[in-house]
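Residue numbers (numbering that gives the first Met the number 0), protein chains in the order written: chain A, 0 to 393; chain B, 0 to 310.
For the record, the hints were derived by calculation from the structure and aren't laboratory data. Since this is a predicted model, take the numbers as computed values, not measurements. Even glycine gets a Cβ: it sits at the ideal position worked out from N, Cα and C. Take the hints with a grain of salt, since some may be wrong.
Think about it this way: if two alpha-carbon atoms lie no more than 30 Å apart in a straight line, the pair counts; the simulated DSSO-like pairs of lysine-lysine are [what the hints assert, rightly or not]:
| # | chain 1 | residue 1 | chain 2 | residue 2 |
| --- | --- | --- | --- | --- |
| 1 | B | K173 | A | K221 |
| 2 | B | K268 | B | K173 |
| 3 | B | K93 | A | K185 |
| 4 | A | K194 | B | K93 |
| 5 | B | K268 | B | K5 |
| 6 | B | K294 | B | K268 |
| 7 | B | K92 | A | K194 |
Stretch by stretch, here's where chain B covers chain A in the computed footprint (C-beta under 8 Å, at least three residues) [unchecked claim]:
| # | segment |
| --- | --- |
| 8 | 20 to 26 |
| 9 | 44 to 53 |
| 10 | 58 to 71 |
| 11 | 90 to 101 |
| 12 | 242 to 256 |
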Amino acid sequence: MGIRERLSGNEATAIAMKQINPDVVAAFPITPSTEIPQYFSSFVADGVVDTEFIAVESEHSAMSACIGAQAAGGRAMTATSANGLAYMWEALYIAASSRLPIVLAAVNRALSGPINIHNDHSDTMGARDSGWIQIYSENNQEAYDNMLMAHRIGEHPDVMLPVMVCQDGFITSHAIENIELVEDEKVKAFVGEYKPAQYLLDRENPISVGPLDLQMHYFEHKRQQAQAMANAKKVILEVAEEFYKLTGRKYGLFEEYKTDDADVAIVVMNSTAGTVKYVVDQYRAKGLKVGLIKPRVFRPFPVDELAEALSKFKAVAVLDKADSFNAAGGPLFTEITSALFTKGIFGPKVINYIFGLGGRDVKADDIQVAYDKLLEIASTGKVDSVYNYLGVRE
Amino acid sequence: MAYNLKEVAKKPERLTGGHRMCAGCGAPIVVRQILKALKPEDHAVISSATGCLEVSTFIYPYTAWKDSFIHSAFENTGATISGAEAAYNVLKKKGKIQGETKFIAFGGDGGTYDIGFQALSGAMERGHDMVYVCYDNGAYMNTGIQRSSATPKYADTTTSPAGKKIPGKMQPRKDLTEIMSNHHIPYVAQTAPIGNMKDLYEKAEKAIYTPGPAFLNVLAPCPRGWRYNTPDLMELSKMAVETCFWPLYEVIDGKYIINYKPKEKVPVKEFLKLQGRFKHLFKAGNEYMLEEIQKEVDSRWERLLQLAGEA
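The following block holds chain A by itself, in its conformation from the complex (with noise of 0.2 Å):
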């Protein structure tokens, strides 16, 4: 039985984070996710956690003081939102191409410009191709859950790469939620000792990290990266199992929700998904058939079992809590349409929402106008307009 709380996202993490103990956390404050570092300095000053933190003097220090520590064999994290994630982008790309799976806090927020502190995914959406596995929570239950155990992913063997958990800022990062912890020496015996295999600390096996990589090997690294990401997803679903017989909350790569008999379905990730759940009760009461389903796991893309998931319905809305300025539609949903092309499923008429960007309120009347027009696609079989934005004035 775990220990019942009440805590908000960044609590959560933040605990998360002592109850694992890592060798060194840098960070660099900024909204919403300041507070990670806070309470963890906290943790430092009061001596509970053997941890180093490192107060650097910009994100792209924390990225990078975060890549020496784990290259010298300890287990680093960072928390960071926004423009804060932006200034690690190149960090971000190299952590993961030197395989060392640190552990990234994201509070998602709209990035700059112009300058907005609040919720929205343009933040990681943008890092999406940086080589880090990307996890997303839909509340502090599952921000901490993820996080106790994205270091059992990040190190295996087959894996080696880092993970960045995400969660909405505010919505979930400021809210106080009932919630139930993992007891300490659980979560230490779940998470385990870091091992790497070969690390610069190691003065009887010296090592050089980051070299030249010119013609002749840097595409086969690159193509051992990528097979190290197609790798995760089976480490993922080996995790969530050993978390459940843990704790008795099931994860898989995405959750389905009432969507066994449904016509309709919406896709969506992180607190939002909340919101669409309260829709659905509402219209499953009324006798429509809507359903939902939420990506857990967007790096690794899980390409067939979304694609396997998403078939059976008449028509699906992608709703992109970020724009991909593409003219075509946001991140989500071309990836997902591009499933659905490449398995050879065409049945499901799929059409884009872009939503709540820069924080803009998602309410369940906002939900209720995406399954309306589902719903009457489902009946007349026509789509009128394939990429839309939802709430915004025009």
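Assemble chain B onto chain A, guided by the hints.
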């Protein structure tokens, strides 16, 4: 123990031969000598900024580094090595690793004075037990001799070319050693590979074995960028010091010590005339440039004498 070149030369090389740095380049000579200052029983984690040194010493699948080495990017060497040092402190406390490990970062003037300045400043201010070594060759040599904030005034570089209207770089050189001294860290020194390398070796030893952050600014001539004959490397380093263009000094806990005062300061043009990048300064009508450079060298030297209480 007094410095003995023969004894030091017997110590094993920690940057092995076979790397691809140019003949007549100052950087690998500087690096080898600094690494010789490590106690043989001590392990080192060495980091380098992107630059000539990095791309010529660690080309997959070969490495010239006998200690552990990490390169991550151009501007983040100070941060990368500080992460490794922090991990060392924890792992040592936990009893997971044994023995002494020292942390040494190398960057050219591009990676140190300019793009890596923030990460360097942050790492020094945070007090990591590390040495940051700038091998200063006064331009971005790796990308093809572009001006940096370490480039001397009037030098001809590919982004400050000596043209018909503008005679080379128009701004004076940033004084990074002074800036690092103002970080109030335990040890800051300026040195160059001259003579039997005593000054460089002794400063490296102090920097490595002084607890806390240390900074070394080492002049490292570049035959491509400075345009000199490769065998003239040592002569150039010597002239930089004899003219007081590059004074040898150290700042120990805030106290300035000038390590070498030429009996007679050689005019700076003797240093400049050895280098193709200053060729245009010696054309008729450009005497004012030489005078201006001499004036600047004199005033910086005077200021240093004052700081050392010798004026």
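List of violated hint numbers, smallest to largest: 1, 5 and 12
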